[in-house]
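S.K.: Next come the chains, spelled out residue by residue.
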Amino acid sequence: MCGIVGLHLKTPRLHDRLGELLSTMLEAMTTRGPDSAGIAVFDDTARPTMRLFKDVGSPREICERYGVPRLSGHQGVGHTRMATESAVSTEHSHPFAPSDDLALVHNGTFSNYATVRRALLREGVEFATDNDSEVAARYIAQQRAGGADLDEALRMVLKTFDGFYTLVVVTEEQFAVVRDSFACKPMVIAETEDYAAVGSEYHALAGLPGIADAEVYEPGPEEVYTWSR
Amino acid sequence: MEPVVLDCSTLSTREINSVLAELPDGSRARIVEPWGRHNLGVGLTNRIDIEIAGNAGYFIGGLGDGPRVTVDGFVGWSVAENLMSGTVRVRGNASECAAASAHGGTVIIEGDASSRAAISLKGGTVLVGGDVGHMSGFMAQAGTILIGGDAGAALGDSLYETVIYVAGRITSLGSDARVEELTADDVLQVKQLVALAGFDHVDPENVTRVASARELYNFDALKDKGY
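In the order they appear, the protein sequences are chains G and R. Residue numbering for the first sequence follows the working numbering, starting at 127 and increasing by one per position. Residue numbering for the second sequence follows the working numbering, starting at 4 and increasing by one per position.
It should be emphasised that the hints constitute simulated quantities derived from the structure, not laboratory data. Owing to the predicted nature of the structure, the values given are computational and were not obtained by experimental measurement. Backbone N, C-alpha and C fix where the C-beta goes; we use that ideal spot for every residue, glycine too. Warning: the hint list may mix true and false statements.
[Claimed, not checked] Here chain G is said to cover these stretches of chain R; the calculated rule only asks that three of the stretch's residues, wherever they fall, bring their Cβ under 8 Å from a Cβ of chain G:
| # | stretch |
| --- | --- |
| 1 | 9-22 |
| 2 | 58-68 |
| 3 | 76-86 |
[Claimed, not checked] Pairwise CB distance ranges (calculated):
| # | chain 1 | residue 1 | chain 2 | residue 2 | range |
| --- | --- | --- | --- | --- | --- |
| 4 | G | G336 | R | P6 | 42 to 48 Å |
| 5 | G | T255 | R | E164 | 46 to 52 Å |
| 6 | G | S237 | R | E5 | 41 to 47 Å |
| 7 | R | L191 | G | A245 | 56 to 62 Å |
| 8 | G | G336 | R | T186 | 33 to 39 Å |
| 9 | R | D203 | G | A245 | 40 to 46 Å |
| 10 | G | S307 | R | V8 | 50 to 56 Å |
| 11 | G | G193 | R | V8 | 47 to 53 Å |
| 12 | R | D75 | G | D320 | 23 to 29 Å |
| 13 | R | R31 | G | T241 | 17 to 23 Å |
One chain only, chain G, in its complex shape (with noise of 0.2 Å):
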């Protein structure tokens, strides 16, 4: 089990407040995963920068740690991990960013990761853990980087990978959902006219401004959403 939650904000309003908001979804998913804990977020510029903050911990000390709360932004997304595929360390903790325009946060565990990681070593991708969410990311990354869009490169997900999954990717102007064909990992999405933001479960949601009136739905199984800046 982990948790996952993640925020695109569609109002300049909201871009101080982003690391605030994300802090408290995050640490309402502290039960979902405890071993570990991380985030990225975009700032608001014309390039987006992406800054990653992951460690060993428990999610509110680790938000803490890096003054997570204090940072603004577009987007981001967060990852309180249990761990099950791998080791607890701050490398094997989410988000994954195999590139400085691309994060990845995964709940699940891939049952055919191996196959797929010797396949993209072949093609001289290198990897920095043993980790299965890594191999995703960096299947995404590697799929982006032949020219397919970030809806396209999760479709290819649905068709390579096989096992559990919800995950949240970011790059600099799109945030997307994706869920396997079983969708037996939850996730919530509530939408606004501020804001698309997802989470594990609703009650990390639940403190966001304008939630009582927020369009709240499930992901079906195998659709891809996505969100542009």
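Please build the complex by placing chain R on the supplied structure of chain G, with the hints as guidance.
M.R.: Below, chain R alone, put in the same frame as chain G:
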């Protein structure tokens, strides 16, 4: 009698459930500010009325053996899981695995239910006003499911003896599930279920009956008995 008001913003789930468990039969309780709180009203055996004023989390009313729970909002995964008796009514939508393994009682979802609704149902009655997601009724053993809207893929996969009635379209049937002729008894039962749930939009004479083809499991446990 005024309801006992329990506020999730000041009380832990354990504190709320402890108060509920101690209420005498016939009492009323109102749970406010739930904001996705899990496990509200679980494991209760008293005959009380509980209203949850807002959106709640996982396992609402689970393991219940008596109470009548109403949620004025939506709920997360596994509402009324393993229900034994009593009623759980959700005025909004329910997430995955609604009424999983319910042995008895009635679960009413006025909106949609997500995937795996009534999975492994063991005797409960599950009434969904809207649509249900994929693999609903998976391995359901006993009890009845009524779907007022459409059913997602693989409905009733590996069904045992649960009967499913669907008012809308069925994306696909799962293994060993088949459509059967609707009998007068079926129509009568659906009429009663529709009245119980208050689903005015369902015409009892225009539902599809889905049941097990009985080819995936050994139906007669005694048929090979040689002694």
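S.K.: Does each hint fit the structure? Answer for all of them.
M.R.: Hints, verified against the model:
Coverage of the stretch 9-22 of chain R by chain G is violated in this model, with 0 residues showing a Cβ closer than 8 Å to a Cβ of that chain against a need of three. Check on the stretch 58-68 of chain R: 3 of its residues sit with their Cβ under 8 Å from a Cβ of chain G, so the three-residue criterion for coverage holds. Against chain G, the stretch 76-86 of chain R contributes 3 residues with a C-beta closer than 8 Å to a partner C-beta. That satisfies the three-residue criterion, and the hint holds. Look at G336 (chain G) against P6 (chain R): about 29 Å separates their beta carbons, and that is not inside 42 to 48 Å.
Checking the proposed 46 to 52 Å range against T255 (chain G) and E164 (chain R) shows it holds: the Cβ atoms sit about 49 Å from each other. One distance hint, 41 to 47 Å for the beta-carbon pair S237 (chain G) and E5 (chain R), is violated here, with the actual separation near 54 Å. Taking the beta carbon of each, L191 (chain R) and A245 (chain G) are about 59 Å apart, inside 56 to 62 Å as hinted. Between G336 (chain G) and T186 (chain R) the CB atoms are about 51 Å apart, so this pair departs from the stated range of 33 to 39 Å.
The hint said 40 to 46 Å for the Cβ distance between D203 (chain R) and A245 (chain G), and at roughly 56 Å that hint is violated. At about 44 Å, the CB distance of S307 (chain G) to V8 (chain R) disagrees with the hint of 50 to 56 Å. Separated by about 40 Å at the C-beta atoms, G193 (chain G) and V8 (chain R) break the suggested range of 47 to 53 Å. In this structure, D75 (chain R) and D320 (chain G) meet the distance hint of 23 to 29 Å, their C-beta atoms being roughly 25 Å apart.
Taken as a hint, the range 17 to 23 Å is violated for the pair R31 (chain R) and T241 (chain G), whose Cβ atoms sit roughly 58 Å apart.
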